[in-house]
Amino acid sequence: METPDQRLFEEDILSAEFRAGVLKGYWGLAAAEVLPAALAWPTRILWLAAAARPNAPEHFYIQLNVAGYRTVAPTGTFWDPDTKSVLDLTKRPKGKPESRCAKVFRTDWQGGAAFYHPYDRVATSDHPQWKTDQANKIWTSAHTIVDYLDEFHSLLNGGEYIGV
Amino acid sequence: MAHEELELFVHGQGAKPRVIKASTGDILRDVLIRFEVIKEGPDEFLVFIGECEEALAEPDETDDGIDKHAPVDVTLTVEVLELKRHRHIHIHKCRHVAVEVNFNGKTKRRRFSPAATVGVVAHWARKKFHLDAAAAAEYVLQLCNSADRPRPATHLGELTEPPKCAVCFDLVKELTPQG
Chain F
1 METPDQRLFE EDILSAEFRA GVLKGYWGLA AAEVLPAALA WPTRILWLAA AARPNAPEHF
61 YIQLNVAGYR TVAPTGTFWD PDTKSVLDLT KRPKGKPESR CAKVFRTDWQ GGAAFYHPYD
121 RVATSDHPQW KTDQANKIWT SAHTIVDYLD EFHSLLNGGE YIGV
Chain L
1001 MAHEELELFV HGQGAKPRVI KASTGDILRD VLIRFEVIKE GPDEFLVFIG ECEEALAEPD
1061 ETDDGIDKHA PVDVTLTVEV LELKRHRHIH IHKCRHVAVE VNFNGKTKRR RFSPAATVGV
1121 VAHWARKKFH LDAAAAAEYV LQLCNSADRP RPATHLGELT EPPKCAVCFD LVKELTPQG
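So the sequence lines, in the order shown, correspond to chains F and L.
With our numbering applied, the first sequence covers 1 to 164.
With our numbering applied, the second sequence covers 1001 to 1179.
In isolation and in its complexed conformation, chain F is listed as follows:
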């Protein structure tokens, strides 16, 4: 039976904002054939389109724990549909040195197990100062999965993203 957080997540997946992004090829839920056999709530796997870069994929997959959605912020990292596990650090997207993109996708913090961004539950609990320093990027119950996807889609399609 669906829990309230799962029901809310499923509703947001049907929203105009999410669906319009799917039709534009910006993001989407991972297809059934790439999902691991025992994927259970609160884990969800989605993909994000990335700008064309030499030797880099057109899409990156992310595995999110969305327990407590939307009250609680998601947390997660890149995922490999071939190995059906967390994406190896050598295959992660990278940004220009010192750029915002490089910082958010850094792999030298928490072993790359979460995004270094105020939308991420683990990152924010590790950085209480972000609640004031980055107040407009702190996750609230008014945010949806579209805010999360839009943020990371922008980073993967900006001029500071350099590939893998």
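Think of the hints as simulated: they come from the structure by calculation, not from any bench.
You can trust all of the hints, since none of them are fake.
For lysine-lysine, the following DSS-like pairs were computed, each having C-alpha atoms within a straight-line distance of at most 27 angstroms:
#1 L:Lys1021 - L:Lys1093
#2 L:Lys1021 - F:Lys24
#3 L:Lys1127 - F:Lys24
#4 F:Lys24 - L:Lys1173
#5 L:Lys1173 - F:Lys103
#6 F:Lys131 - L:Lys1173
#7 L:Lys1173 - F:Lys94
#8 F:Lys24 - L:Lys1016
#9 L:Lys1127 - F:Lys96
#10 F:Lys24 - L:Lys1084
#11 F:Lys137 - L:Lys1106
#12 F:Lys137 - L:Lys1127
#13 L:Lys1173 - F:Lys137
#14 F:Lys137 - L:Lys1016
#15 F:Lys24 - L:Lys1068
#16 L:Lys1173 - F:Lys96
#17 L:Lys1127 - F:Lys103
We have chain F already, so just place chain L on it with the hints.
Showing chain L alone in chain F's frame:
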């Protein structure tokens, strides 16, 4: 010829967008009444199709530009209006939205279609203020006198309602997480 059912996105003044379904053979006006987007009777709203990107092609030297994006005849069918390609329908009373963008003590102005997105305005503003292309994406639009930064896909018409047909933004740099 068989008609196809399409997933369409309806945007309007001061509201979040919604999903509706329509057949390519449907008259757009009938669809909008069926989904209670508009009411029977004289049309009080302008209906725009698609997302207007005219500003992206505007020459740099143009000041106070204006979108030509025109409202459509809602008695035409979904197919004739090419909604399979456009997907977005915008219902608004404003013919244009007057936009001001402030950056470094300067202001750029333009009148956009209500169906232009915040992303298009941001792109236009970064060009107008001659921001370096590589770093430009780090600059985003924030509503004046607020901390709100609407998502790039937000239509301008969602941010304003008559009698005010205007939106003011500051162009601000995204902070890089530190610490």
